[in-house]
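Given the coordinates of chain A, work out where chain B should sit on it, guided by the hints.
Protein chains: 2
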Amino acid sequence: GVAPAVQAQATIRWRLTSSFPKSLDTIHGAADVFAKKLNEMSGGKFSVTVHAPGELVPALGVVDAVQQGTVEAGHTCPYYYAGKDATFAMGTAIPFGLNSRQLTAWYYDGNGLKLFREFYDQYSIINFPGGNTGAQMGGWYRKEIKTLDDIKGLKMRIGGFAGSVLTRMGGVPQSIPGGEIYQALEKGTIDAAEWIGPYDDEKLGFQKVAKNYYYPGWWEGGAQVDFYINKAAFNALSPEYKAMVETAASHAHVTMQAMYDARNPAALKRLVAAGAKVLPFPKAVMDSAFKHSMDLYKELTDSNPHWKKIYTDYSNFRKDQNLWFRFTDAQFDRYMQSAKL
Amino acid sequence: GVAPAVQAQATIRWRLTSSFPKSLDTIHGAADVFAKKLNEMSGGKFSVTVHAPGELVPALGVVDAVQQGTVEAGHTCPYYYAGKDATFAMGTAIPFGLNSRQLTAWYYDGNGLKLFREFYDQYSIINFPGGNTGAQMGGWYRKEIKTLDDIKGLKMRIGGFAGSVLTRMGGVPQSIPGGEIYQALEKGTIDAAEWIGPYDDEKLGFQKVAKNYYYPGWWEGGAQVDFYINKAAFNALSPEYKAMVETAASHAHVTMQAMYDARNPAALKRLVAAGAKVLPFPKAVMDSAFKHSMDLYKELTDSNPHWKKIYTDYSNFRKDQNLWFRFTDAQFDRYMQSAKL
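So the sequence lines, in the order shown, correspond to chains A and B. For the first sequence, position 219 matches number 237 in full-length UniProt numbering, and the numbering has no gaps at all. For the second sequence, position 311 matches number 329 in full-length UniProt numbering, and the numbering has no gaps at all.
Chain A extracted, bound-state conformation:
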């Protein structure tokens, strides 16, 4: 048919700052996917330029930059901002939290997105789920971890919120940028380091200097990345562009998890061929980490009303999810994992 004489959409130019270097083609790539889809859907009229950390904003400065409108959008891990408020941590992953599918279910069909939109309002941020890594590995260790005593005094590069659980276990968390981890491990300045999983870890070559590769990453059973949009910038969009932002984010969300799942297996095989020793954490280490995590959550529930409000919903959801997943999904997966394929 003939095109009706309606008003065309306005031209929009947004800048998006990512917390992730371009070398992480999976996570940084999810922001590229988001920008590409918006560009395609709008015929080039809604353009988003994606900026690596440091180009406009430091890696961990996304909340401030989006809040102040320095940029219209960011792509980051909420838990980087747990120093502002521990509540942020639940937006990505907390130790012994929801896994990837469960977190996605909580956001989209539980109360997750609603509760976080309320929480982020004080930062003038509107968020959209923008990718998940799946369960991460538990990191690289120069020496084997055989008992809980091996955690005592362990100097480990680990993210902030999980670090507070490691401290309670007697470990010594270290904050070191990705690009400096290898050298610190090689020199023995640190004893261990966690990064992400096989596909990303392989690029940094850790197996050469700390070959013991532990699982599971109990502090990241499914780490979500979010798109943060400045509230005024979002509200200035037409209804059409708002819907495009939502679906472009969902597309990035589903394809980022797909990238990790599709690419990790071959990377794991290469790492093992290169000398990595893949080992499970001893049960005593898992149990200690679990106990200290639950203690921490209880303290936060008593002291932080934001945490209390969201964690109450999150932890009820987690309880139900694990009850259900234990049956058909877990049993199917376990059978397949032990089958001769």
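Among the hints, erroneous ones may be present.
As the list claims (entries may be wrong) - Below, simulated BS3-like cross-link-like pairs (lysine-lysine); rule was C-alpha separation at most 27 Å, straight line:
1. A:Lys63 x B:Lys260
2. B:Lys54 x A:Lys132
3. B:Lys164 x A:Lys358
4. A:Lys164 x A:Lys301
5. A:Lys170 x A:Lys226
6. B:Lys226 x B:Lys287
7. B:Lys54 x A:Lys54
8. B:Lys326 x A:Lys358
9. A:Lys287 x B:Lys326
10. A:Lys260 x B:Lys260
11. A:Lys287 x B:Lys337
12. B:Lys316 x A:Lys358
13. A:Lys337 x B:Lys358
14. A:Lys221 x A:Lys54
15. A:Lys337 x B:Lys295
16. B:Lys132 x B:Lys337
17. B:Lys358 x A:Lys327
18. A:Lys170 x B:Lys358
19. B:Lys358 x A:Lys301
20. B:Lys301 x B:Lys161
21. A:Lys337 x B:Lys229
22. B:Lys287 x B:Lys161
23. A:Lys358 x B:Lys337
24. A:Lys327 x B:Lys287
25. A:Lys358 x B:Lys170
What the hints assert, rightly or not - Residues from chain A that face chain B, not an exhaustive set, calculated with beta carbons under 7 Å:
26. Arg119
27. Ala266
28. Pro283
Just so you know, the hints here were simulated from the structure itself, not pulled from any lab data. The C-beta atom is built at its ideal place from N, Cα and C for all residues, glycine as well.
Frame of chain A, contents of chain B only:
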């Protein structure tokens, strides 16, 4: 800024036929989500009306209707069409196949979408993943299944492709529409029936007439639903609308799995309270089903070049996925499922 004087998008009216009744708010709902997002993104200019089975096209007539252009779009389970070509089955789920995340990974970042687009070209169909149920339950049984002998002669309502494995195990698959299953179970015309999982099964009340509820649904470790688009209709779209179709489908894909995951736990609890007995299949039954499935896949690989091409890629991917998932994801999930939450 001022809107540029560009050509506005054309008005598009599509009809989408769903294989699923409106009562299945999860699966039928995914097509509604797809239509709603397209409507929002296009400012109402790209409208899709969603039709229940029988309104325009029978439930299982989606391939023919989309191929012939009777409708521009459909939302259906590819495995319904395994009678045309067994290859269709891999598009949804095959016994002991990929789980939900793995199938999504294969489609989006493996070769799945590419291979299926090639396969569907003979039907003038372009497909987009449009939802997954997660691992389904193994159905409702009037009597307990204690040994492999209990499968012999078992008259069971089960989908076509899985039915051919059940036949090899000595069972007698029955084809019965959803609305007639309850009565057949009550009268004893059939001994067992599988449907989907707690949230959908609860609506049909099976626990009242066949209380033994088995897991896992080894024939549906993650059942995907697809949007099928008529090739000529898709190719006639502007690049903008094509991109909108893609992201609206991705949004429906991620939100449908979220709906199932978020809603199944409470439904399972209600079913148990109403008398359902939740039981695992005996290992001998699982092993027999696995063996017969692998035999069938070997025969299909020898006889069907379409199957061979896609299954070769699919089965390699499955092997790698299960190697990888066994480590951090499965170990994390297992710990959580046994933890006191």
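Query - Numbers of the earlier hints that this structure fails to satisfy, in rising order - result: none
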